[in-house]
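Spelled out, the chains give:
2 protein chains.
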Amino acid sequence: MLVFASDSRTHAGVDDVNTYCKMHPFLWDGDRVVVLLSAGNLATTQAVVKELERAAQDESAESLRSFAYFNEIAEYVGQVSMAVQARHHGEGLHQSGVSLESTFIVGGQIRGAAPDLYLVYPQGNYINYSPDQPFFQIGEAKYGKPILDRIIESGISLENAARCALVSLDSTMRSNLSVGPPVDLLIYPRDCFSLDRHMRYKLNSPYFASIRKQWGEGIRKLFDDLPRFDWEKS
Amino acid sequence: MLVFASDSRTHAGVDDVNTYCKMHPFLWDGDRVVVLLSAGNLATTQAVVKELERAAQDESAESLRSFAYFNEIAEYVGQVSMAVQARHHGEGLHQSGVSLESTFIVGGQIRGAAPDLYLVYPQGNYINYSPDQPFFQIGEAKYGKPILDRIIESGISLENAARCALVSLDSTMRSNLSVGPPVDLLIYPRDCFSLDRHMRYKLNSPYFASIRKQWGEGIRKLFDDLPRFDWEKS
Numbered sequence: 027m028l029v030f031a032s033d034s035r036t037h038a039g040v041d042d043v044n045t046y047c048k049m050h051p052f053l054w055d056g057d058r059v060v061v062l063l064s065a066g067n068l069a070t071t072q073a074v075v076k077e078l079e080r081a082a083q084d085e086s087a088e089s090l091r092s093f094a095y096f097n098e099i100a101e102y103v104g105q106v107s108m109a110v111q112a113r114h115h116g117e118g119l120h121q122s123g124v125s126l127e128s129t130f131i132v133g134g135q136i137r138g139a140a141p142d143l144y145l146v147y148p149q150g151n152y153i154n155y156s157p158d159q160p161f162f163q164i165g166e167a168k169y170g171k172p173i174l175d176r177i178i179e180s181g182i183s184l185e186n187a188a189r190c191a192l193v194s195l196d197s198t199m200r201s202n203l204s205v206g207p208p209v210d211l212l213i214y215p216r217d218c219f220s221l222d223r224h225m226r227y228k229l230n231s232p233y234f235a236s237i238r239k240q241w242g243e244g245i246r247k248l249f250d251d252l253p254r255f256d257w258e259k260s
Numbered sequence: 027m028l029v030f031a032s033d034s035r036t037h038a039g040v041d042d043v044n045t046y047c048k049m050h051p052f053l054w055d056g057d058r059v060v061v062l063l064s065a066g067n068l069a070t071t072q073a074v075v076k077e078l079e080r081a082a083q084d085e086s087a088e089s090l091r092s093f094a095y096f097n098e099i100a101e102y103v104g105q106v107s108m109a110v111q112a113r114h115h116g117e118g119l120h121q122s123g124v125s126l127e128s129t130f131i132v133g134g135q136i137r138g139a140a141p142d143l144y145l146v147y148p149q150g151n152y153i154n155y156s157p158d159q160p161f162f163q164i165g166e167a168k169y170g171k172p173i174l175d176r177i178i179e180s181g182i183s184l185e186n187a188a189r190c191a192l193v194s195l196d197s198t199m200r201s202n203l204s205v206g207p208p209v210d211l212l213i214y215p216r217d218c219f220s221l222d223r224h225m226r227y228k229l230n231s232p233y234f235a236s237i238r239k240q241w242g243e244g245i246r247k248l249f250d251d252l253p254r255f256d257w258e259k260s
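Going down the list, the sequences are from chains A and B. Residues are numbered in this note's numbering as their position in the first sequence, beginning at 1, plus a constant of 26. Residues are numbered in this note's numbering as their position in the second sequence, beginning at 1, plus a constant of 26.
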């Protein structure tokens, strides 16, 4: 099972803020599911996703659909990312001081194998999840990490993992303007080979709003109930 | 009223980890209190603190005790910090690629004026707190910011502000190895001109341990009680 979650805010400076989905699912019904999450330079990620889409439509080409093992998919995404960065560098963009780097989370399942999950670095190399490291974050990761560290562990239910991702993104959005709604959430149960459980939440979407409200009020109450200092007791 | 909190971990790479207090209180009984928190290069912060201490012992010199206004203290700390960095640069350290920068939080009270609080940047300039921005963080700030954003507001009680600082540091220590115990906590009630409420907590110090335990268990329960997805209800 896999859970993917992403916000939708991109910016080129605080005065140029836009909304783009950072979740890119690919489905070959019954055969494989590949989901990309992206962080970093928007032009790079868009070019990478476009190249992955085009290659996948050409049955004779090497593409997300052609590899037998998931680590080859991670390798391929890394190579495409490197090629795009090199091309954009060649166009003189590197002189502007803008970073062209993008980082990806790539997960999914190829029929006959277990679901798999990789983090692909801007340098094209990649790491695999492990039982001790069952989740990855990319982009503005620190604000939302404490709740993941407390809750996520191997064996957690799909729904709890998804709820924890929502709480983590909620906390991040409250603390950092560069992270914003809507939030994409994709829940992938093992061996389902479909993308039916893909939700998109605005702040006022009923389920996300109920999570946000209950969590916020609960944290407040939890805080108010903490043990008192000695001198407060007398 | 002011609350100061700091961890004690310093490192020069993950294989060279040490413990240093990052809280530096100065007291002139009945006249003024100045508290420095430091983040960044340890050699720079130590040299700055030493220079502040030495100057304060020389009654004829410009020092923390000689200024009439708290913003002059922030200005002075910034100048000392710049002078130290320039001196260390001159010693050739800048060629090693190590950053000599340090950031400070400087707060306290001069008799006759209200308590005041500044953040001093490595460039020597500084900003003041405001009712809309009643707290500052320096160093590894992101992990612990969400709880501060939710709880800290103008008019919060001294004890609640202190508890919130402890929870914030606890979450940060759980998510990042570069932040570690003991935790220094200094609570300064307005017009008290003493440093009586300075606590130093290890992880197993009874009060800090009770906060950590109750918060951890409470977060777990709060999470378990969150609303269910539609399909979980049937």
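If you're looking for bench data, these hints aren't it; they were derived computationally from the structure. Certain hints may be false.
Each pair may be met inside one copy or between any two copies, as identical chains are not told apart.
To be verified - The calculated EDC-like cross-link candidates involving lysine to aspartate or glutamate, where the alpha carbons are at most 20 Å apart (straight line), are:
| # | residue 1 | residue 2 |
| --- | --- | --- |
| 1 | 76 | 41 |
| 2 | 76 | 101 |
| 3 | 247 | 179 |
| 4 | 76 | 98 |
| 5 | 247 | 55 |
| 6 | 259 | 85 |
| 7 | 239 | 250 |
| 8 | 247 | 222 |
| 9 | 76 | 127 |
| 10 | 168 | 57 |
| 11 | 228 | 256 |
| 12 | 259 | 88 |
| 13 | 239 | 256 |
| 14 | 168 | 179 |
| task | Compare the structure with the hints numbered earlier in the document and write down the numbers of the violated ones, lowest to highest. | result | Hints 1, 5, 6, 8, 10, 12 contradicted; others consistent.
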